[in-house]
Amino acid sequence: MATSAIIFYVVATIMIVFSLLAVTSRKILRAAVYLLFALAGTAGIYFMVDYYFLAAVQLIVYAGGIVVLIIFSILLTSHIEEKMEKPDSLKIILTAILGLGGTAVSLYVITNHLFTPQPTTGVEATMSTIGEKLLGYGAGGYVLPFEVISILLLAAMVGAIVVAKRNKPENHD
Amino acid sequence: MNLLILHIAVPSLTALAIMFVSSQRQVRTIAATGMSIQLIQSLVLLYQFLQERMSGNNAEVLFTQSFVWYPSLGINFDIGVDGIAVAMIMLTSIVIFTGVFASWEVNNLYKEFFISLIVLATGVYGFFVSLDLFVMFLFFELAVIPMYLLIGIWGSGPKEYAAMKLTLMLMGGSALLVVGILGVYFTANIETFNIIELSKQAFPIEMQRIFFPLLFIGFGVIGALFPFHTWSPDGHSSAPTAVSMLHAGVLMKLGGYGCLKVAIFLLPEAANEMSWIFLILTSISVLYGALATIVQTDLKYINAYSSVSHCGLVLFGLLMLNKTASNGAVLQMISHGLMTALFFALIGMLYSRTHTRIITQMGGLMKVLPFLSVCYVIGGLASLGLPGLSGFVAEMTIFVGAFQHNDIFHRVATIIAVSSIVVTAVYILRVVGMLLMGPVRSEEYNNFPKAKWFEKVATVSLIIGILVIGLAPLWLSTMIWDSLGPIVDKLVLK
Amino acid sequence: MIESVPLNQVLIVTTLMFFIGVYGFLTRKNLITMLISVELMLNAVNLNFVFFDRYLFPGKLEGHFFSLFIIAIAAAEAAVAIAIFINLYRNIRSINVEDVNEMKN
Amino acid sequence: MGYQYTIWILILPIVAFVINGLGSGKLPGKISGWIATVAIGISAFLSYKTAFQFFGSGSHEKIIAVKTTWLRFNEGLQIDMGILLDPISIMMLVVITTVSLMVFVYSQGYMKGEKGYDRYFAFLSLFSFSMLGLVVATNLFQTYMFWELVGVSSYLLIGFYYDKPAAVAASKKAFIVTRFADLGFLIGILIISFYTGTFDFDILTRPEAMTLPVTATFLGLSTMTWALLLVFMGGAGKSAMFPLHIWLPDAMEGPTPVSALIHAATMVVAGVYLVARLFPTYSVLAPDALEVVAFIGAFTTLFAAVIACTQFDIKRILAFSTMSQIGYMMLALGVSGYGGEEGLGYTASLFHLFTHAFFKALLFLGAGSIIHAVHTNDIREMGGLRKYQPITHILFLIACLAIAGIPPFAGFFSKDEILAAAFATHPIYYIIGTLVAGLTAFYMFRLYFIVFWGKSTSYTHTPHESPVIMTLPMMILGIGSVVAGLIPFGSYISSDGVPLKGHIDWVVATISVVLALVGILIAFKFYKTESAKPEAISKSFGAFYRSALSKFYFDELYIAITKGVIFRFVSKPLAWFDRNVIDAFMNLIAAITNWVSSQIKEFQSGQLQKYAFIFISGVIIILLSFLYANQ
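Residue numbers (this note's numbering), protein chains in the order written: chain A, 1 to 173; chain B, 1 to 494; chain C, 1 to 105; chain D, 1 to 631.
No lab work stands behind these hints: they were computed from the structure.
Keep in mind that this is a model prediction, so the values were computed, not measured.
Beta carbons are placed, not taken as given, at the ideal position from N, Cα and C, and that holds for glycine.
It is possible that some hints are incorrect.
[Stated by the list, open to error] So the derived list for chain A, only partly shown, Cβ under 10 Å to chain C, looks like this: (1) LEU39; (2) THR42; (3) ILE45; (4) ALA139; (5) SER150.
[Unchecked claim] Simulated crosslink set (EDC-like; lysine to aspartate or glutamate; CA at most 16 Å straight-line): (6) B/LYS452 to B/GLU105; (7) B/LYS490 to B/GLU273; (8) C/LYS29 to A/ASP88; (9) D/LYS62 to D/ASP86; (10) A/LYS133 to C/ASP99; (11) D/LYS610 to C/GLU3; (12) A/LYS86 to C/GLU62; (13) D/LYS572 to B/ASP298; (14) B/LYS367 to B/ASP298; (15) B/LYS367 to B/GLU273; (16) C/LYS60 to A/GLU132; (17) D/LYS610 to A/GLU82; (18) C/LYS60 to A/ASP50; (19) B/LYS367 to D/GLU114; (20) C/LYS60 to A/GLU124; (21) A/LYS91 to C/GLU98; (22) C/LYS29 to A/GLU82; (23) D/LYS551 to D/ASP313; (24) D/LYS501 to D/GLU341; (25) C/LYS29 to A/ASP50; (26) B/LYS367 to D/GLU465; (27) D/LYS115 to D/GLU75; (28) D/LYS610 to C/GLU98; (29) D/LYS26 to D/GLU114.
[What the hints assert, rightly or not] Just the calculated beta-carbon pair ranges, DEER-fashion: (30) D/ARG568 to B/SER23: 51 to 57 Å; (31) D/THR68 to B/PRO158: 26 to 32 Å; (32) B/THR64 to A/VAL148: 51 to 57 Å; (33) B/LEU43 to D/VAL570: 43 to 49 Å.
Excised from the complex, chain A in its bound form (with noise of 0.2 Å):
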């Protein structure tokens, strides 16, 4: 077995096992962290891929960006100490009928499909093509989806900023 069917493996199992720990700890605090873990271990599959910026945006954004938003309201709207309450079990186990059922649908497609990979020769993911395509109006160039999501992104920002500030007291009654 090769090394980075090894390595894949053990990541695999790491973001699997955080996973889980995200959906169910039951202190929230945790759970972000563990969300955490997970985002780390899809970053270092990136890495395998040989995709390392998207790697690098996954760790700075996820990791760096989200989980610490996460934090953040997390501390703004909770105890720390408080472990949540525990859902009721029928919800449970409804809810991992459907989860187990639905993997099992999904699984049994994915095992049974046979992926035939395209024989196509392109382009590495430097630094440089990835530029150049994000920021192309050729063909296979990205620039409209790039400047619409900045656009979102801006407004994301606006939107945030006008959700949470806090309502003027004149307003406040």
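Since the structure of chain A is already known, use the hints to place chains B, C and D on it.
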């Protein structure tokens, strides 16, 4: 310009014009003008139609025109009329014309009232002129929806209940219709909703067995087919005068018309095969409606139940599946339309004076309101089938046609239906006796205002219609007969 | 890794991750933990894109860019969501999903 | 010379109806009466002209004077409007126009100053039109149409005093009972048309031309017999035959001239006319039906005569007498054969119809004259009127003698023929007929003696003789009652169109005249002066007398059936059923829908996680179904 498009355009424009004026005077002037134009152009249409037929134009439908509307599904705005449609349009024009005059004194939200009323009429006209099943259905719905508002807002008594019940039951019928229409459309698989085109298709009998009942009951609900008639008494008794007139006079006819031109026309084998089931239902409805009328005390209930009986006769005639009886059924639609409109108009006028519709609380109106009473008697006599008035022509054509059937079952059913004429006489005379005759019930009756000019216009136009058909029925009967050819011949051949 | 681990096996990992996210989304009551579950699902989808790209269409970068954009959108989403949560907490002193029924009725 | 002008016989009365009807309340003074009278007068003149032209020509063939298609049912069946002239229709034209004219003139005096004067004449004109249309009908359906119109005019005229509850009830009853009979008539027409494919009298009354497969039977009788029986039911309804007679006595609520015209001379004999019109058909295709006609006729004649002996209302006595006399006519038709001497009954029946029209109209007009003078219908409140009303008295006496069958008055000849015809075929019917002849004489003279002789009652107003406008028509009818019997009727009207030699059967005549004289004598003894004998005799009959006085309780029976059974046990439950079962069922559907929706409303909980759960389940299910479909 095609006269048929004008028939849809004029009411639409009238309704639009009403939107821009405000005073009651202006509103009703516009409504009356629009509907008078409509009446005149219907007469022109009738004249032109007869002219065309006389000059030897034997096409199935005349004045056809087609506009592509939604090509990918084959929906076209196809219009065209045959003799039956012309007759029904004529009826509609008379009834809506008189309906406007009968609602001359609507004071509450009069603008909206007239708009709804005329939109309803537009739907009816559209239904009769269109040849495309989809468009037909569209107009059918257009006619049903304003009914809800008209009863719910301007009605009396438990009006919300009645409006809801009526609309829901008719919508239930519509639901069956949609299924039936789509069934026909997809089975034919020729990418068109045009009735004439569809009628040339041979539908497999298994499919017909499924969709014929759907279409027949779907239209039967609005034609007051037993046991789907119960919206009729509640709806009519709560509806304002003009709405009752239009509803019983015209809207219920959409049912019979649809049964003939859609259900029986498109699915003749199933009609042949299954007519007996519905024949039993309609025979029941004829006699049952009449018997249930005898004990009613509310004038509108009386008329509603008698409508059940009379409209039962319409479907009964159609189900005999021969030309004579179908001819009679169409005649009966027209005759009943005029008659029942007259009744409802008169009931409204009497109610506006006595403020009750319970016949046991009234009496002796003949002395104080001679004009209206005489009109009522004429309507009653037409209803019980007096020769010289329209009811006789229609009923006798149905009975004679039905009795020519070779099957003993059909003849027995005919005898059952015929016996309703006695029951009809009983309830008509009961009403006339209690309501109009006898001593004047109360002192204040003497202060009743006499019939006003618009009331006279309304009743007299209807009575003229009744008399014309009753005295000289041959032209009308021939006109309908010619148009029945394609429909009924198909039944016989197969 | 591409040569040594077949596509089917890597997809198993993403599937598991996705449905773990679903499970969390459906069982958790705290809105923030629900957000965490959503992030898990998004992450699983991202991985799928990357895998399909690398395994089936080597040399093309569509999957790569899709993932990139998804990460960006996820960031935006998280920002707005957390803003809403905080506002919500301010108003009803709770970020329990079952308590959020102000707009019902 | 053609007969096209006969159309005016029909048009004039209807024009009078339209003018009077539209101008109701606006026409000045008595102009409406004159319009109607002039119109019917011209009609009468034209009828006489037709009669002279037709009978003068010597041929008795049917003539279709006018014919136009009114409504077409299918290729074979159609309703024609036309005028058929043959001996019986012309005879009826003459009778109807004559009696109508007399009644119209009389009414101008009788109805003077009444409210609704123009309405009255409008209705009368309508009636004359309908009745004339009925008798000249060229086909069965035209007959039916005018039959209905006659019924409606009768309804309108009986209910003329519409603010009198009794009149309203009577008119309703008359219409509904006859309508019920008409139902039979209509079904009969339908059956006939089904088997023969025609409504035309021309074909229907040529038995030799009919080759119909009368194979179908029902309850042992051929369907044609049933059809003709049903047609007879219609006739029996209009002619007030037992058991459909109950409307006629009540119909006397109408104005008296109306009773004279409609309920004595013309409309009530329409049934007889109908059977006579279809007589060849009856005779050849359905002799069984004729048996029934004879039986019903015989029973009614006796039944009505018995009741007539006990009544006290002058108009009701006359009404029962009318029933009894029409029973005679039916009896004669029923015992008649087709053609030759066999057909004596047919001739006799129509002869009696003819003479009866005169004397019965006269009796009613006389009764009207009396009522006009004393303002009551009850003969117990009358008496000694011969002093006050000499002209009425004489004319009434003539009419009584005519109806009693005393020679040489009109009734003698026709009644003798009937009895002779009955004697030739059915002795039982002959015995009944002769018995009734005696009874007739008795009750008519009972009436006569009580009213004109008897005790002299003290009147609040002194009775006076009626004005000339009323007595003149009575006189003309009186002349008719005397001489009508002398017409050689058989040579004009016979069942097969071949003239029948009329002769008097002296044996039969003697017996019946003797019986009639006995009847008159008894009446004279009992009622000439007041005496206690009638009281005693009626006591001795006990229950029988009481039930005859109450018309054998038929009214009560009918009310029990209609009010009790149909109204209470059919209609009421049906109406209840409609509201509480069918409608409730519809409401139940609505309620169930409501309930279901209130149940599933829970799905719309606003709970995000539930939505997501269902959403994901849905996705999985769809996936699964795709998988399943792809295998």
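Evaluation of the provided hints:
1. LEU39: The hint holds - A/LEU39 has a Cβ within 10 Å of chain C, the shortest such distance being about 6 Å.
2. THR42: At about 5 Å, which falls below the 10 Å cut-off, the nearest Cβ of chain C leaves the hint on A/THR42 intact, so it holds.
3. ILE45: holds (7 Å)
4. ALA139: violated (12 Å)
5. SER150: holds (9 Å)
6. B/LYS452 to B/GLU105: holds (11 Å)
7. B/LYS490 to B/GLU273: holds (14 Å)
8. C/LYS29 to A/ASP88: Roughly 11 Å separates the two Cα atoms, so the pair holds.
9. D/LYS62 to D/ASP86: holds (5 Å)
10. A/LYS133 to C/ASP99: Given pair A/LYS133, C/ASP99 is violated - Cα atoms ~46 Å apart, limit 16 Å.
11. D/LYS610 to C/GLU3: The given pair, whose Cα atoms are some 42 Å apart, is violated under the 16 Å limit.
12. A/LYS86 to C/GLU62: Distance of about 42 Å is beyond 16 Å: violated.
13. D/LYS572 to B/ASP298: holds (14 Å)
14. B/LYS367 to B/ASP298: It is violated: about 21 Å lies between the C-alpha atoms, which goes past 16 Å.
15. B/LYS367 to B/GLU273: violated (54 Å)
16. C/LYS60 to A/GLU132: holds (14 Å)
17. D/LYS610 to A/GLU82: violated (26 Å)
18. C/LYS60 to A/ASP50: The given pair, whose Cα atoms are some 13 Å apart, holds under the 16 Å limit.
19. B/LYS367 to D/GLU114: holds (14 Å)
20. C/LYS60 to A/GLU124: holds (8 Å)
21. A/LYS91 to C/GLU98: Judged against 16 Å, a Cα distance of about 14 Å means the pair holds.
22. C/LYS29 to A/GLU82: Between C/LYS29 and A/GLU82 the Cα gap is close to 14 Å, so the pair holds against 16 Å.
23. D/LYS551 to D/ASP313: Distance ~13 Å between D/LYS551 and D/ASP313 Cα, so the pair holds.
24. D/LYS501 to D/GLU341: holds (9 Å)
25. C/LYS29 to A/ASP50: Answer violated: C/LYS29 to A/ASP50 is near 38 Å, above 16 Å.
26. B/LYS367 to D/GLU465: Violated: B/LYS367 and D/GLU465 sit about 33 Å apart, past 16 Å.
27. D/LYS115 to D/GLU75: violated (50 Å)
28. D/LYS610 to C/GLU98: Between D/LYS610 and C/GLU98 the Cα gap is close to 10 Å, so the pair holds against 16 Å.
29. D/LYS26 to D/GLU114: holds (15 Å)
30. D/ARG568 to B/SER23: 51 to 57 Å: Once the Cβ atoms are compared, 54 Å apart, the range 51 to 57 Å for B/SER23 and D/ARG568 holds.
31. D/THR68 to B/PRO158: 26 to 32 Å: 52 Å Cβ-Cβ, so the 26 to 32 Å window is violated.
32. B/THR64 to A/VAL148: 51 to 57 Å: holds (52 Å)
33. B/LEU43 to D/VAL570: 43 to 49 Å: Since B/LEU43 and D/VAL570 have Cβ atoms about 45 Å apart, the given range 43 to 49 Å holds.
Checked against the numbered hints above, the structure breaks hints 4, 10, 11, 12, 14, 15, 17, 25, 26, 27 and 31 and satisfies the rest.
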